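Chemist: Heads up: the protein sequence lines correspond to chains A and B, in order.
Counting from 1, one number per residue, gives the positions in the first sequence under the working numbering.
Counting from 1, one number per residue, gives the positions in the second sequence under the working numbering.
It is worth saying that the hints were derived from the structure and are not from the lab.
It is possible that part of the hints are untrue.
Computed list of lysine-lysine pairs in PhoX-like fashion (alpha-carbon distance at most 20 angstroms, straight line) [unchecked claim]:
#, chain 1, residue 1, chain 2, residue 2
1, A, Lys196, A, Lys40
2, A, Lys196, A, Lys173
3, B, Lys90, A, Lys173
4, B, Lys151, A, Lys84
5, B, Lys60, A, Lys84
6, B, Lys151, A, Lys196
7, B, Lys90, A, Lys40
Partial chain A-side listing against chain B, Cβ under 8 angstroms, derived [what the hints assert, rightly or not]:
#, residue
8, Leu22
9, Ala132
10, Val140
11, Arg174
12, Tyr175
13, Pro178
14, Thr180
15, Ser181
16, Glu184
As the structure is a computational prediction, the values presented were derived from the model and not from experiment.
Here a beta-carbon is modelled for each residue, glycine too, at the ideal position from N, C-alpha and C.
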Amino acid sequence: MAKRSAPEVNAGSMADIAFLLLIFFLVTTTIETDSGLNRKLPPIDDSTEIPPIIREKNIFQLNVNKNNDLFLKTGGEEKIIKIKDLRAAAVAFLDNGGGAGTDACKRCQGKKNPRSSDNFDKAIISLQNDRATKYDTYIVVQNEIIAAYNELRNREFEKSYPNLGINFVEADKRYSDPRTSSAEKANLKDKLEVIKILIPQKFSEAEPKKSN
Amino acid sequence: MSKFKKKKGGEMPAVNTASLPDIVFMLLFFFMVATVMRQNTLMIDNNLPFADQVEKLDKKDLVMYIYAGKPSSNYKSTYGTEARIQLNDKFAEVSEIPAFIAAERASKREELIPFLTTALKVDGDANMGLVTDIKQELRKVNALKINYTTKKGDAIQGLNK
């Protein structure tokens, strides 16, 4: 008796089925946004210690009202500022270098206006917003302030380590990338720390006012 | 007897497609493994603002998500139009945040707790009052590392849209 071979299953449509599934998964999965502005909140301070007195010229006081207008008070003058001018104004304030003697700022390249900030370490940016301020305005203001700090940190990083060929932001990204080798990380960490100490982010947020 | 026998007919042999399903399955598995399914069903509008000084959030398992925004159209009749907080899959009050953070912390290994970051996914239209309340609650439970999740793009142009 002749041996009867089992008929082969037709697998031609298998590819179609798999494609269908593949397309379903491609369409339904959303890649979540996982980037943003990293910030650190101040811990709740219960101590009754009197805070150190800060001279007015070292404060860059921003106030966003409920109509999303931006008021800037620094160096004894108060004015309305447009958001697009904020980054340049913040850089000018931080980079001013108006200090003398022990407060002198060697690396500042600003105008050395005696009515503006002394040096990077003394300059403080303060932000106050109203409870009715829109969140997207707040984020833009935060973004511009971070941008101002990053601009100066980039400049100083490139000046201090010209042979690396990268700026501060790129170095920071490289440092936090899990694929970077640990030797390079250790190398970058010291350099990033030096710049972070040179230009500290002294940014304070006041508790918001209630709008009446 | 010739070694090189002439083939019958001049037709082209069909390309063997037997391995095509394997290739497609491989792609399918890749996508199934690589894509992250949304953990929470959003019940709010969540139109994130734009920013360009962004840093990436690595290590997704160390992130706690707090959503806030106006209830989306399906929930408007029940929950109104005022911006609200969403924790996991339901609407929550500001006062529920400490419990949420505690639950998230309890689900992680102890040595990882200092590295936990809270990602605030807040709708651009929300008021700062709500965000400030969230931040106050986070300060109370000492969850100080936060991340304002944003889309990447020009911040000022994004504002004018």
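Chemist: Holds or violated: the hint that Val140 of chain A contacts chain B, with Cβ atoms closer than 8 angstroms.
Modeler: holds (5 angstroms)
Chemist: Is the hint on Ala132 of chain A kept, meaning its closest Cβ partner in chain B is under 8 angstroms away?
Modeler: Holds - the Cβ of Ala132 of chain A comes within 8 angstroms of chain B, reaching about 6 angstroms at its closest.
Chemist: Does Lys173 of chain A sit within 20 angstroms of Lys196 of chain A, going by the straight-line distance between their CA atoms?
Modeler: holds (14 angstroms)
Chemist: Hint check: Lys151 of chain B vs Lys196 of chain A, CA-CA at most 20 angstroms. Holds or violated?
Modeler: Violated, because 26 angstroms separates the two Cα atoms, which is more than 20 angstroms.
Chemist: Does Leu22 of chain A hold up as a contact with chain B if the rule is Cβ-Cβ below 8 angstroms?
Modeler: holds (5 angstroms)
Chemist: So, as I understand it, the hint says Pro178 of chain A touches chain B; can you test that by seeing if any CB pair is closer than 8 angstroms?
Modeler: holds (6 angstroms)
Chemist: Taking the least C-beta to C-beta distance, is Tyr175 of chain A closer than 8 angstroms to chain B?
Modeler: violated (11 angstroms)
Chemist: Go through the hint on Glu184 of chain A and say holds or violated, using the shortest Cβ distance to chain B against 8 angstroms.
Modeler: violated (16 angstroms)
Chemist: Taking only the CA atoms, is the gap from Lys151 of chain B to Lys84 of chain A under or equal to 20 angstroms?
Modeler: holds (19 angstroms)
Chemist: Does Ser181 of chain A hold up as a contact with chain B if the rule is Cβ-Cβ below 8 angstroms?
Modeler: violated (16 angstroms)
Chemist: Do the numbers back the hint for Thr180 of chain A, that is, is its least Cβ distance to chain B under 8 angstroms?
Modeler: violated (12 angstroms)
Chemist: Under 8 angstroms, Cβ to Cβ, is where Arg174 of chain A needs to be relative to chain B, so tell me if that hint holds or is violated.
Modeler: violated (12 angstroms)
Violation of the numbered hints given earlier is confined to hints 3, 5, 6, 7, 11, 12, 14, 15, 16; the remaining hints are satisfied by the structure.
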